[in-house]
Amino acid sequence: MNDSPGWASPGSSPSEGEGGQAGQGGPGGPGTPEGIQPPAQPPADSKWSDTQPPPGQWSSPGAEAPAPAQTPPPQPQQGAGWGSYGTQPGQPGQYGHPGQYGSPYGGQYGHPGGPWGPPPAAKPGVIPLRPLGLGEILDGAVSTMRSHWRSVLSVSLVVSVLTEVGSLLVRKYGLGDLATATAGTSESQFLGDLRDTFVLSLSNGFIQLLLGVLATALLTVIYSRAVIGRPSSVGEAWREARPRLLPLIGLTLLLGAGALLLFAVLVVPGALLGSVGLAVLGALVALAVFVWLWFRFLLASPALMLERAGVFTSLKRSAKLVNGSWWRMFGITVLTTVIAAIVSGIASLPFTVLALLFGSGGLSGLADGSIAQSWSFLLISGIGTVISMTFVLPMQAGVTVLLYIDQRIRREALDIELGRAAGLQGYGSTAGGTGYGG
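Each residue of the sequence shown is one higher than the last, beginning at 6 in the numbering used here.
Warning: the hint list may mix true and false statements.
[Claimed, not checked] Taking lysine to aspartate or glutamate pairs in the EDC-like style, the calculated list, with each CA pair at most 16 Å apart, reads:
1) Lys-325 with Glu-312
2) Lys-128 with Glu-422
3) Lys-128 with Glu-141
4) Lys-128 with Asp-144
5) Lys-325 with Glu-422
Keep in mind that the hints were calculated from the coordinates and are not lab data.
Can you build the whole structure from these sequences, using the hints too?
Next comes the structure, spelled out in structure tokens:
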């Protein structure tokens, strides 16, 4: 018999006094069939004891034996609330005390014939307050877009429009001038066009950086409130995110500068030595290190926004949360990126076809590439890009935020704090246990 708390020996006998001696009347007992008389005195060499067992109940052959009495499963305690879902073994609670049938959850979730596994977790918002699976993370991101669409899509639409306008101007007035440069263009004019294109592209990149930071900040606030079932307007998200914009810009610039420095250190020496092989090898090593660091610091932005941490503290927090789960972060993020690319392609494909059909220049413009610089092509294809980005941007941002919350639930029992913030009565109390984190 296993004496561990919460476990009982399989097939243990029923409680005493409830049919425990049934069918053991023996010869001569009250359970003996009528007309069969036992000997008055057992033989000397008989194996029967002088003291016979106590009277029992006799049933005819073939009849079903009476079912042993079983202790009914514990009933929910009134007022226990959600706190009863996390009780440690040995503590009282509906789902947390040692089960009579060997399940650590006891009660209706542990007995034979009932559903196995942990009890359902509280779900005040878009996700259950427990460690999440891949499907739950993706579903939480999409559910937030659906249930809080006014806030989410307003932010992503504005950011997408401004980003696409900048990209359109770069393609029209920057890359367009370089594409239409002829062989007879002077060297000074070509260098001037190249300089203008570089300045325009750099300015657009900086603007897109600021827009990306703004979208990240606002969407992080909206998603964090959606987890506990609280809506957030764009104005409320802006008031909460505004104090964190400068640190978030600093974090983004620091990560970008670190990536440039990494490639410069590993690629430039081979280029200066004129060794193509060494330069390629350095680029591959730099790429591998960049990918590793990127996912190691993937959760730095949510940590900076939601924990009010500094730039370097948020980097340390991300490294701590990702430690031991790097491949999980990598797989979920890559899968999300693939799904986002498919959605983006499907949404923008009809507009690309229309842009090719109605773009100025017709087939001749398509052949020489001049159609890509026409306003009709740029505007029609830009509309498709805006639509696709409006749905893809919040999906990717939401997955990152939910990954951060999931890791904190797994490592730090954040579900308790989320339950309390959601107003769940008694959630995470001493009587209710310590939640799912550990």
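### Query
Hints broken by the structure, by number, lowest first?
Structure breaks hint 5 only.
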